[in-house]
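K.L.:
Each chain, letter by letter, is given below.
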Amino acid sequence: MQSRGLRMKAFRAAFPYTIPIFAGFWFLGLAYGIYMNVSGFSFLYPMLMSMTIFGGSLEFVAVTMLLSPFAPVQTFIMSLMIQARHLFYGIAMLDSFKGLGWKRAYLIFGMCDETFSINYTAKIPEGVDRGWFMFFVTLLNHFYWVFGATLGGILGSLIHFNTEGLDFVMTAMFVVIFLEQWLKERKHYTALIGIGAAVVCLAGFGADSFMIPTMLCILFGLTVFRTPIEKAGGFS
Amino acid sequence: MMSLTEQIITIAICVLGTMTTRFLPFLVFSSKRPTPKYIQYLGKALPAAIFGMLVVYCLKNVSILSGSHGIPELIAIVTTAVLHLWRRQMLLSIAGGTVCYMLLVQLIF
Numbered sequence: 062m063q064s065r066g067l068r069m070k071a072f073r074a075a076f077p078y079t080i081p082i083f084a085g086f087w088f089l090g091l092a093y094g095i096y097m098n099v100s101g102f103s104f105l106y107p108m109l110m111s112m113t114i115f116g117g118s119l120e121f122v123a124v125t126m127l128l129s130p131f132a133p134v135q136t137f138i139m140s141l142m143i144q145a146r147h148l149f150y151g152i153a154m155l156d157s158f159k160g161l162g163w164k165r166a167y168l169i170f171g172m173c174d175e176t177f178s179i180n181y182t183a184k185i186p187e188g189v190d191r192g193w194f195m196f197f198v199t200l201l202n203h204f205y206w207v208f209g210a211t212l213g214g215i216l217g218s219l220i221h222f223n224t225e226g227l228d229f230v231m232t233a234m235f236v237v238i239f240l241e242q243w244l245k246e247r248k249h250y251t252a253l254i255g256i257g258a259a260v261v262c263l264a265g266f267g268a269d270s271f272m273i274p275t276m277l278c279i280l281f282g283l284t285v286f287r288t289p290i291e292k293a294g295g296f297s
Numbered sequence: 062m063m064s065l066t067e068q069i070i071t072i073a074i075c076v077l078g079t080m081t082t083r084f085l086p087f088l089v090f091s092s093k094r095p096t097p098k099y100i101q102y103l104g105k106a107l108p109a110a111i112f113g114m115l116v117v118y119c120l121k122n123v124s125i126l127s128g129s130h131g132i133p134e135l136i137a138i139v140t141t142a143v144l145h146l147w148r149r150q151m152l153l154s155i156a157g158g159t160v161c162y163m164l165l166v167q168l169i170f
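Chains A and B supply the protein sequences, listed in that same order.
Okay, so the first sequence: first residue is 62 according to the numbering used here, each after it adds one.
Okay, so the second sequence: first residue is 62 according to the numbering used here, each after it adds one.
Just to be clear, a hint being listed does not mean it is correct.
[What the hints assert, rightly or not] If you want a taste of the chain A side facing chain B, the calculated C-beta under 10 angstroms gives, among others:
#	residue
1	H147
2	F149
3	C173
4	F177
5	M234
By construction, these hints were calculated from the structure, which means they are not laboratory data.
Built from N, CA and C at the ideal position, the CB exists for glycine as well.
Only chain B is shown next, with the shape it has when bound in the complex:
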């Protein structure tokens, strides 16, 4: 068991690690000098890739081969997407998809 000091240091290191990743780009590319062209390009091209990556990240623990085979996730994602293409109302799409998923995992799967 850690002492209180060791616990505080451990938590502080987690903060330091997190803040390093959040602040580093802003420290390296200061707002006084112009941002290099390649980094500007990355800044524009990355977000679409990031959002794709985050969708997969949310689903990383879904197992295709066992359990419910990712079927409730698939149905709920399709529901979210269809709702969104239909009404383009962010809150409606998210609420609809979530309620759909909760019903599926609580009542059916």
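In isolation and in its complexed conformation, chain A is listed as follows:
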């Protein structure tokens, strides 16, 4: 009974953090499911793909891959490139996920952009179990995404509604998380390196291929300026 209370408490603490994700994933998942439906796939495809891949941008690209000739090596390289940013999330969560037993594997499996951002930044209230909190954040987000994708796959092109601009909910969430991080720091070297690298690489390489160069620039910047950044400290 005690462990049930522990779980309920963690669930109640985690749920409010996932509400923006619910809005965003429901909508994006729906869009993805509809896209698969009109591309000629049964709802089983978006359902199973959203459950197992659980990474939005790659799932959209995978639709094109499935409609092209079979190319396993190219598919693997593409998925590594699109998902490479997750390497950074893992490095940031190395210590945080320590000692969480079986939950650790699921937390790593389900660590998409949004889940990482919440689990990294959320102020987990006193007396709430960290492992269960992060578990429920991950599980709820995973559920929203699969739910949206499956629904879109079933309803397909039947849906017409004016949700233009709803996808901005993800941008707004990252702006808020960025701001929270910014307010916590004394110096903003790393945040500025991140924005600067991304903007310069976006201008230089274009929207489809700027993420890998951006990540390399960030690593380079953080390595070269390690001494002043460590001296400034202040990151939690």
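Since the structure of chain A is already known, use the hints to place chain B on it.
P.N.:
For chain B alone, coordinates are given in the frame of chain A:
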């Protein structure tokens, strides 16, 4: 057109690629040995840079030179930020910014 087997392999490879990027840091730096100092440093310094990168990533398809020139995005981001600095209520800031953006793109731009 792919056969069903080829489709399943393609999807499995996407899963494998994704999981490689998610699990690799945890496999390389096992929880039994202490994490190297440089990686510990990266773990602390990266997130602020990542969040900056993700904001730009969300806006990657906004064109400054054509269409609405990124004006609705700019207004909505400023609205989100101002709301957040004012009340520090995550849900309020996100909802306010999103509603603002939807009104802008549906009614004005």
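K.L.:
All the hints need checking, so say for each whether the structure fits it.
P.N.:
Right, here's what the structure says about each hint:
1. H147: holds, 4 angstroms
2. F149: holds, 5 angstroms
3. C173: holds, 9 angstroms
4. F177: holds, 8 angstroms
5. M234: holds, 5 angstroms
Of the hints listed earlier, there is not a single one the structure fails to meet.
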